[in-house]
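Protein chains in written order, with our numbering: chain A, 1 to 194; chain B, 1 to 232.
Check each hint, because a few of them may be wrong.
Here are the simulated lysine to aspartate or glutamate pairs, EDC-like style, with alpha carbons at most 20 Å apart [unchecked claim]: (1) A:Lys87 x A:Asp61; (2) A:Lys6 x B:Glu67; (3) B:Lys205 x B:Asp8; (4) A:Lys105 x A:Glu57; (5) A:Lys6 x B:Glu68; (6) A:Lys105 x A:Asp61; (7) A:Lys46 x A:Asp61; (8) A:Lys69 x A:Asp55; (9) A:Lys46 x B:Glu67.
Rough simulated footprint, nothing fancy, chain A against chain B, three-plus residues with beta-carbon under 8 Å [unchecked claim]: (10) 66 to 73; (11) 166 to 177; (12) 186 to 193.
Listing some non-contacts, in silico: residues in chain B with all C-beta distances to chain A over 10 Å [stated by the list, open to error]: (13) Pro4; (14) Leu24; (15) Ser61; (16) Ile114; (17) Pro125; (18) Trp127; (19) Ile153.
Everything labelled a hint here was simulated from the structure, so no lab data went into it.
Note that the coordinates shown come from a computational prediction; the quantities given were computed from them, not determined experimentally.
The beta-carbon is built from N, C-alpha and C at its ideal position, and this holds for glycine as well.
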Amino acid sequence: MPDWLKPGWLLGLFALIFIFLLAFTYEQTRERIAIQEQLRLEAQLKEILVAGSYDNEPATDVLEIEGDKRTVYRARLQGQPVAALFKTVAKDGYSGSINLLVGIKPNGELLGVRALAHRETPGLGDEIDLRRSDWVLDFAGRSLRNPMPDDWAVKKDGGVFDAFTGATITPRAVVGEVKKTLIYFQAHQHELFQ
Amino acid sequence: MSTPNVSDILYQGLWKNNPGLVQLLGLCPLLAVSNTFINALGMGMATTLVLTSSNFVVALSRPVLREEIRIAIFVLVIAGFVGVVELVMNAYFYELYLILGIFIPLIVTNCIIIGRAEAFASRQPLWAATLDGFVMGLGFTLVLLLLGSMREIVGSATLFADAHLLFGEWGQHMSISFGEDARGILLFALPPGAFIGLGLLVAIKNVIDEKLSKPKTVAVQISSPTTADASA
Ligand SMILES: Cc1cc2nc3c(=O)[nH]c(=O)nc-3n(C[C@H](O)[C@H](O)[C@H](O)COP(=O)(O)O)c2cc1C
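The following block holds chain B by itself, in its conformation from the complex (with noise of 0.2 Å):
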């Protein structure tokens, strides 16, 4: 594999390989704490500090990893990070934990962060490694963050609900209600909201990309649109 650019990195991330759209490895985290704005910029941030810091890790160590030994380093770096994670999130987001609490533990559970060390930071440089990272973590940050906005927007009739658990006294005048009775659709907050909210953010993408590659495959007609790259 060859050492992709700058520019190949945030495409794949955020577009043609987005965690969250395309390779839907993170899909717990992201149909679980997809029900407001806030809780998705939470989830966001913490799975990007874990991906950027767990790639870093993996990268700087590959002249020393060992084929037989890599997963079990892997899961290591993951959990260790993840712990680390949790308890600043315990000491300094302290209401935020309460509500994510349950879920920071599942960002193990994650797999795009294993796939990412095991696809990209073990074979690469570490700042191509460390990019990446980032950048995958903020590429499921806006899908999280789309899918948050309309299922709060939908489900619960409000936008940045509870902005003051991640902004301090600040958030407090970001909060949007949409009128004092306006309660939402419930089954937008519900889980299956989650699901097709999440089908309809892959659908949209879809067609996107099957209008940009119309001009190049005017010719050929048959030829399909490249989105099935969804590897599990």
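Same shape as in the complex, but just chain A (with noise of 0.2 Å):
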């Protein structure tokens, strides 16, 4: 082999090996990476839906919204719809995208709300997390009729929603999505569990 040639082989041979190696860790892990996955939808789904209040399993009972970048888990009993947990997103957090979970009643009445990843800033907008308050969990219950559409907005915007202190846009921005997500499930229930 002439001596010019000899660093493009050495380089192709360590791409090479790399190549595999990486191949041989993926084709290891993929399983469990997909099962790691599945487990925390699930696990997040549960926390809000109400323990055998349903019989089908929501994790796999999807409906992705073309357009809309909504996905749609379905739980039902016996076929019935029991509640529409949607994933979502906030895009006017204080720093970037809240991704919410929002689960609905067939009534329209809320499930509850989980905010699943955001980067708030610790100690002012991270309050939405459970795990720093219990901030979310006021909207359980509520719905269109409950504040009127009008009020749905923080206390300082006019509407009935607590804000934290000096921390205004991050919860303006979660009742903002809650809000749309509540008036795209009116206008679209009927599709929704077919």
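Put the two chains together into one complex, using the hints given.
In structure tokens:
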């Protein structure tokens, strides 16, 4: 082999070795990663759902809503709708997107809301996290009739929801997205459980 | 460069040439992930693993390494191992992965790793290179842990919070909280706290070095202590 070719061959050889190493690791971990993700999803859904109120596997009863970036998991009891759980994103948090899980009963009442992932400031915006405060629990039982749509806002904007001291942006984003999800549910309820 | 002995390698990695306090080559992960003890530990372990593996492979391939492609090979090796660590963490420490996830690929940008490959592993025997990788990783982890503890205690008024992410059930009992309503000083949980904390640690190390070198320099008052080996 000519001398000037050697470095190229060597580099190619290293690339090949590491491609195999990565491919092997990927094969070995793939199944477990998929299981972990599924388990986490199930745990999240269970946090909102009332145990025993459904008999299907909501985590696998999925409806992807095209173009709307929402995913819906459906809980049923003997085929009848029990709840629709929306994975949705509030895009206007203080530090980017806030991933939310919004559970809604067929009568339009909220079963519960959880912040799944966010990067809000610790001590200011992170009170939307159940580990920090029980602010999100206030949503349970609310609907577009309680309060009326015009009052679906933080107190500072003339609504009924508490904001945190010195941090209005985060709760405003969450309240806004939950309201949007409720409106969406109202408009599409019948298609959701097809 | 002559082959250093074991105690040399330990002294360099843990103290004299500590990657976190003296070389200051891994600032991005050091500052970003040192907000809690457990985050620091997770990042430290991942970095140590990559550093040890990459030093090992670089030293192993020393006979065939060529001047003109060595940097490309270092990058390939480091990126490969980071990929492996990321997958393994994703599979076996999933919760921790969710927190550290975005910072794991950044290990590639930790210049300590390529720095050790170039400055040490590509010139030394296999055992020395592997030990150096491990000790440098340990030195980095210790600084991460110190900074993480400081920031967690002052910034969040907790210590070992979320330990179960690393230690499973057993870790639930490790978390210490300093009072139900203790909130901590937010500044320390946020990025400025990382800079302030690291500055303090570097200063403390320099003071100790100065104290230690006093007896020797007592006769020559003007000689300054050897604190400025920070090589960029
Ligand atoms: C470093 C820093 C971090 C902040 N983080 C948040 C946050 O996570 N969420 C939030 O709503 N506001 C946060 N704020 C405050 C907002 O900038 C804004 O002042 C506040 O939300 C307005 O609330 P107010 O109308 O009650 O004064 C932060 C401010 C600073 C300086």
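Tested hints:
1. A:Lys87 x A:Asp61: holds (13 Å)
2. A:Lys6 x B:Glu67: With a Cα-Cα distance of about 12 Å, the restraint between Lys6 of chain A and Glu67 of chain B holds, given a limit of 20 Å.
3. B:Lys205 x B:Asp8: holds (19 Å)
4. A:Lys105 x A:Glu57: Holds. Lys105 of chain A to Glu57 of chain A sits at ~16 Å (cutoff 20 Å).
5. A:Lys6 x B:Glu68: holds (11 Å)
6. A:Lys105 x A:Asp61: Holds: Lys105 of chain A and Asp61 of chain A sit about 16 Å apart, inside 20 Å.
7. A:Lys46 x A:Asp61: Judged against 20 Å, a Cα distance of about 14 Å means the pair holds.
8. A:Lys69 x A:Asp55: Judged against 20 Å, a Cα distance of about 27 Å means the pair is violated.
9. A:Lys46 x B:Glu67: violated (57 Å)
10. 66 to 73: Holds, because 5 residues of the stretch 66 to 73 of chain B bring their Cβ atoms closer than 8 Å to Cβ atoms of chain A.
11. 166 to 177: Contact hint for the stretch 166 to 177 of chain B vs chain A: violated, 0 residues under 8 Å.
12. 186 to 193: Result for this restraint: holds, n = 3.
13. Pro4: About 27 Å separates Pro4 of chain B from the closest Cβ of chain A, which puts it past 10 Å; holds.
14. Leu24: holds (26 Å)
15. Ser61: The claim breaks: Ser61 of chain B does not keep its Cβ more than 10 Å from every Cβ of chain A (closest is about 8 Å).
16. Ile114: Label holds. Min Cβ-Cβ 15 Å, cutoff 10 Å.
17. Pro125: Check passes; 21 Å lies beyond 10 Å.
18. Trp127: holds (22 Å)
19. Ile153: holds (14 Å)
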